[in-house]
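Top line first, the protein sequences correspond to chains Y, C and G. Using the numbering used here, count along the first sequence one by one with no gaps and you end on 360. Using the numbering used here, count along the second sequence one by one with no gaps and you end on 257. Using the numbering used here, count along the third sequence one by one with no gaps and you end on 291.
Everything labelled a hint here was simulated from the structure, so no lab data went into it. One should not assume that every hint holds.
Covered by chain G, per the in silico footprint, the following chain Y stretches (three or more residues, Cβ under 8 Å) [to be verified]: (1) 180 to 186; (2) 312 to 325.
Short derived list, chain G residues pointing at chain Y, Cβ under 7 Å [to be verified]: (3) Pro-44; (4) Asp-74; (5) His-107; (6) Arg-108; (7) Thr-138; (8) Ser-169; (9) Ala-236.
Where is the CB? At the ideal position from N, CA and C, for every residue including glycine.
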Amino acid sequence: MYVAVKGGERAIDNAHAFLAEDRRGDPQVAELSVAQIREQLRLAVNRVMAEGSLFDPDLAALAIKQARGDLIEAVFLIRAYRTTLPRLGASNPVDTAQMAVVRRVSATFKDLPGGQVLGPTFDYTHRLLDFKLAADGQVPPAPTAPVSAEKVPHVTEFLNRDGLIEAEPQSDAVPPDLTREPMELPTSRALRLQAITRGDEGFILSMAYSTQRGYGRTHAFVGELRIGAVAVEMDIPELGFSVEIGEIELSECETVNQFKGSKTEPPQFTRGYGLVFGQSERKAIAMSLVDRALRWKELGEDNIGAPAQDEEFVLMHADNIQATGFLEHIKLPHYVDFQAELELVRRLRADAATMQEAAK
Amino acid sequence: MEMTNVSVDGRTKPAGPLLSVRDLGKRYGTRIGCANVSFDLWPGEVLGIVGESGSGKSTLLSCLAGHLEPDRGQVVFDTRNGPRDTITMSEPERRKLGRTDWAFVHQNPRDGLRMGVTAGGNVGERLMAVGARHYGDIRAQALDWLGRVEIAAERIDDRPSAFSGGMQQRLQIARNLVTGPRLVFMDEPTGGLDVSVQARLLDLLRGLVREMGLSAIIVTHDLAVVRLLADRLMVMKGGHVVEQGLTDQVLDDPQHA
Amino acid sequence: MTDQAYNFAYLDEQTKRMIRRAILKGIAVPGYQVPFASREMPMPYGWGTGGVQVTAACLVPEDCLKVIDQGADDTTNAVSIRKFFQRTAGVAVTEATADASVIQTRHRIPELPLREGQILVYQVPIPEPLRFLEPRETETRKMHSLEEYGLMHVKLYEDIARHGQIATSYAYPVKVEGRYVMDPSPIPKFDNPKLSGSAALQLFGAGREQRIYAVPPYTSVVSLDFEDHPFVAGKAPHDCDLCGATDSYLDEVIVDDAGGRMFVCSDTDFCRGRKDAGHIGRLGVQTDGGA
Ligand SMILES: Nc1ncnc2c1ncn2[C@@H]1O[C@H](COP(=O)(O)OP(=O)(O)O)[C@@H](O)[C@H]1O
Ligand SMILES: [Mg+2]
Ligand SMILES: [Zn+2]
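The shape of chain Y in the complex, shown without the other chains (with noise of 0.2 Å):
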């Protein structure tokens, strides 16, 4: 006799127990640590911040471990951490002029104010494995510099001084914030920004590229990429002043864009911008172009159709936790659908057969 299938609960269970035990793998190694994670896979941690939204190396770190190094899973854990946490008030805009750097160039000036700092970078390396690290990782010490105390001004105001780049408008608009409010269409500038810093970085990398290989070409210059530790301040109402919560990473890339002037502004240089949790280069220089590329309404550029420049395509497809979710679940049961389009097809192929039946 026939008995349905059943224990999907025990199923669930079982699968849970072999995932946490696959997960450990061989038990004759020695366990990673979250703070091995944290301190030797910055750059996956960092990654896994600016799309979980949420700056906290030691929770990224543990969600790269518990998703076993998958990324993608790992940001969802940490969205999904996120979503819970209240909200206990915003902190002032970070001012990145006052930035630590500890990298900074500038593509479009040999030397500047600030210095040339090239930091922590792969740039240059000769991308060859070292089988050293297979062996033992001890480094010497690299050399330090004493810390200067010259400012380190933005690039950008260079050119705003001589009124050669458009101007920034200033605003105290409190921004709207993408995980409190449906994203209606079309949006704001800051809207875009805060959607494509969470994106992911392979489909912004790629929305970047193409607007370079001519889809809306926007001819950037990273007039300057700056990576270095902002201090955080709030305002504590009961103080009536704003004190110093925490300092926290970030990765800003302020592009330079040749422009021709349009219809509605004169020859200047416009900007795009990004900015990303930890450093994140690749993801910062990519955010600076796509959302140049987003702005040709505001300028009074011509859309030629280009994917990037098309607000919707990018918006709405740019978040891989929606993404891997949506994709993933194809895998679910769909029997219920794939039986009606089985007696549609049956009913159809039947009817086909009837009528050549009939015109025999």
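For chain Y, the structure is supplied; the task is to place chains C and G with the ligands on it using the hints.
Chains C and G with the ligands only, in chain Y's frame:
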């Protein structure tokens, strides 16, 4: 010009223009799209708008049809509920006009057709949009209209992507006329076609205009088109109307050659 | 066994209030898709996050919850969601349709007619019925607000032109209370008639797409069709091989590799109820409670 106040179907109507345009203007930044345009279109009349490329014909037509918002002016249409300024109308009302009393034939049939939908579906869409719910009737009307624009009945279930340019344009015309619109806008309807195909389409259009007593506004830079179709002519230059009058008069005695 | 680390039914009260406002708006405008700020849930988008949020916003401690996927209570995703609410809300759960006050479902409407006071929560992947005709959200919202639904019938017309009949077998579009065209979620069209005039409140949640919509009790829901090609609620031309039901939606089960197959009720609770009442199908045996 003198107009009778008897409409095509013989019913008496109050003597008034179908479309009354006053001081219509549209700028693109500092550039003039069109300016100071005023005219009346009477029922059953075909108005041609001619002028060199860039003279503002398409801008004017788009403003008239509600596809583009003018900066100033009035476009008063004699709706079934009396004359209404379509510029100040709500968008739902304007879009409703667009699928009932008005029709718009684009220069490029791809802009006016659904390329992924069969010929029958393309013609039927306007019928369904106004509530037709009988498949057999919709199909019969689609077939009738395909015949009128000289598309073979057996092509009814083919998609326009499998049609030649001339066929696509004829299909677009059928799709627009099937609901018997009271006013048809056409932007260079013969624009992208070969000369021989143009002639056939013109012939067809002339037949339909006569037979249905269509009221239409046709933008073109082709004088053969207006000579054949238009009762009256408006000549545009630099966004302004520089001349208007009866077609023959304007063509035979041009002031702005 | 409620998990103390989380608020009742997981979501914080502020979020629940936001969702309840969206639900109320949806009830006030039947079939209209209300945007809401969907939260990240601890299960993936596309796996019922919209339904879970709606259920979380509706649940009270006295509720009795039933969760089905494909009509069955024991499919893995149904088990997972039911466990989630047992853990975070500690509510009673049931497999009996009649005993449940809230039923969350994916792809089916229970066979047993629902009663007043019950809430049926649907998980919705793509709430926009016009989406595959017009991919732009900005445009489809305009089409809804202006009631421009000609395109929807073009799709049905094309089906008949090509196949001789309307070839849409699930997620079959409906018009709610004569106004909004609505996607009933991917239920088989067999279930469409149950949408109309139901005594229960029907709520639809689409998490990834951030939309909630509703069909209040006793609302008219009409499946779109043509006068000469009327809507037909189809199913496999068989009876249930376990309980003999002639009027329930069936799953087809392949029983051997020689093409042998059998048909069983997709609604497992309905089938069990009939067997318990003594009905026997072609391949069924007399039971006294279990299958
Ligand atoms: N979208 C637009 N943006 C800016 N200028 C435009 C636009 N469309 C048309 N124009 C300008 O407006 C004027 C009239 O154009 P148009 O109405 O297209 O003329 P025509 O149809 O007679 O060729 C031209 O100078 C043209 O360059
Ligand atoms: Mg033109
Ligand atoms: Zn059964």
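*Which numbered conditions among the earlier hints are violated in the structure presented, ordered from lowest to highest?*
none
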